[in-house]
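Going down the list, the sequences are from chains A and B.
Under this note's numbering, think of the first position of the first sequence as 1, with each following residue one higher.
Under this note's numbering, think of the first position of the second sequence as 392, with each following residue one higher.
Read the hints as simulated data drawn from the structure, not as lab findings.
Owing to the predicted nature of the structure, the values given are computational and were not obtained by experimental measurement.
Among the clues, some could well be false.
Stated by the list, open to error - Heads up, simulated DSBU-like pairs for lysine-lysine below, C-alpha to C-alpha not over 30 Å straight-line:
1. Lys341(A) <-> Lys617(B)
2. Lys747(B) <-> Lys734(B)
3. Lys747(B) <-> Lys226(A)
There are 2 protein chains.
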Amino acid sequence: MVKSFPDLNPTPRILMGPGPSNVHPRVLRAMATPVIGHLDPEFLGIMNDTRDLLKFVFQTKNTFTIAVSATGSAGMETCLVNLIEPGEEVVICVNGVFGERMSDIVGRCGGKLIRVDAPWGRIIAPADLKKTLATCKPKLVALVHAETSTGAWQPIEEISKIVHEAGALLVLDTVTSLGGVPVTLDAWGVDACYSGTQKCLSCPPGLSPVSFNDRAMQAVRARKTKVQSWYLDMTMVERYWGEERFYHHTAPISMIYALREALKIVYEEGLDARFARHMANHRALVAGLHAMGMRMFAQEGHRLPMLNTVWIPEGVDDLKVRKFLLAEHNIELGGGLGAVKGKIWRVGLMGESSTKNNVLLFLGALERAFKAQGYTKLTAGAGVAAAIAAY
Amino acid sequence: MVKSFPDLNPTPRILMGPGPSNVHPRVLRAMATPVIGHLDPEFLGIMNDTRDLLKFVFQTKNTFTIAVSATGSAGMETCLVNLIEPGEEVVICVNGVFGERMSDIVGRCGGKLIRVDAPWGRIIAPADLKKTLATCKPKLVALVHAETSTGAWQPIEEISKIVHEAGALLVLDTVTSLGGVPVTLDAWGVDACYSGTQKCLSCPPGLSPVSFNDRAMQAVRARKTKVQSWYLDMTMVERYWGEERFYHHTAPISMIYALREALKIVYEEGLDARFARHMANHRALVAGLHAMGMRMFAQEGHRLPMLNTVWIPEGVDDLKVRKFLLAEHNIELGGGLGAVKGKIWRVGLMGESSTKNNVLLFLGALERAFKAQGYTKLTAGAGVAAAIAAY
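Generate coordinates for the entire structure from the input sequences, incorporating the hints supplied.
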């Protein structure tokens, strides 16, 4: 042999970045289950369970609730390519990386893009959307529930009302929110929604949960042109996941095993308990960061509990701290993207990573990292003490 | 709880259909490895190993050799959406389901489709392609190396010469062939190629190995329009897998673990030994089927060793046999697709499923299934005896 490839043996990490989050051993074991055929009657039962569990976490009765056989970004593309036809007006709300990405995809669909912008870290103001909708007649309005790049937590109810009054479909990105804060598709009237598996569901990346209601599916079926993606064409994927089991592509068997197990864990914990856990750990983390003299980045009152954005203190080097945390503590911390690269950190407390242990450990390790850089504006132990007091 | 979801516990199967094939325990264990961040330096090393191993199985030096984060069908779409711009002429060779699928995608890209057809089960005749290329000036010609729906094994060298003489790019589907018969991208001059993981690589489904040579990448970079798929846009995926590590999407970490391990197993066995094993088991299977009075479906001299298509004998019921094999022997056998549904079976001997044990067991179990239906035109034990003699 020319080259030798060592055994797979990555260092175990504490995942506190923007995702993936840590995966429960039950989910890891599920992936080691022997692979069976994707049209095996037993696998069809596993797909059905997965659908039922996805409906539960999405809080929806939508028949068309499935896992797209690719990662969260493909879920975004799925919603947009199925619902947009060339020449149609589309409103995208942009307050971070993922709104930008949706805008890019609209162009690739030949849609006529109309943007509603808000500064990074802030939510989209319903009044701004309303003003825009008075000037156009879009097929759909898309926005991000939990902006992973900024930590902003968008309220949906008023937005949904405005969108539907304008006769448009509402498309929602719940990649980072699903399983961490309430996502209630039916109550909110969301028409099409996509998510990811590697955030608050604590499943490895590889699938994208997607749900379309009847209105959205009717819009897909009423298209005059074919969906531009064969792989993501929901009229065919529907027949594969549905009663017909019409062969489309080969489902990623082991990833479906993993998703089913991860969703079972969510189901067993219960949504309310899970949301409360995420919120309690968020509050303790923020108390700790404040006590260390740091300021949060996202708009007050609209901060995501699972994705905490914080300004990097002056005199502290972004990369040095992140490398220190990884090398010394095996902690992965997220850096900023785009305009806030080097200026903020993104502290993930998602799914299995949202624990008291991680909060206390992170604050302690961060204090060490600051000290290692000679940063002196800290009261020793203040961060951890404030977090303990917050529980 | 409203509903209870039982533990994941699918019955172990012997996978002898058109894929997935059986997965080695080493690969299953690799998937149970704790997930780390997709931009973690250790994961970047794992991605690099995976690239090196993919270059090995593809027999190529192409820098742009990666695993698309979705299944084989998405690999097909990747090659076509990156290389076709609206209005461009495209020649697709169609002799089965996957040529049909490529034709469908060409339409979705706005390409001008020109077909070269051959009957199902037969290969594309180079002379037919030559005739077509005299009448058009296509950007690319695409064809299938191993037609999973028919079992036909397409020779590539002469086709490649004809395609390049016409100034076109050659796109090749190696979903079922890679790792089972020689696939030599550089020697053949293939410009863009895609494959799947769940066939002769014996990795679970979920990724699509793809390789573009410089000529193909230049064609992508020279586009006047954006690639219609954001997720599959190789100009961005290239920056993610390349030195820059520019964030595009989150790679399916656990699936990459699995692919790296599956490719390591191929590397350790060696390509020649692996191809010889596939061929020996194919010959024994065919000897057995012939001895049982059955006829092969695919064109003689062009039969794939890993995907054996055989006519269902008159008086034998397709579904009854397949259900018997699954219920009594836990063997998954593949049925026919499209025009040959109910008329042929597809016996997979792919990767880990290509063993002497599976050949002997399958022939014995098939004899039992025939007997259970009251089928009398058999000499008892003839199939197994012929296979034994063939080794």
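Evaluation of the provided hints:
1. Lys341(A) <-> Lys617(B): holds (27 Å)
2. Lys747(B) <-> Lys734(B): holds (26 Å)
3. Lys747(B) <-> Lys226(A): violated (46 Å)
Checked against the numbered hints given earlier, this structure breaks only hint 3.
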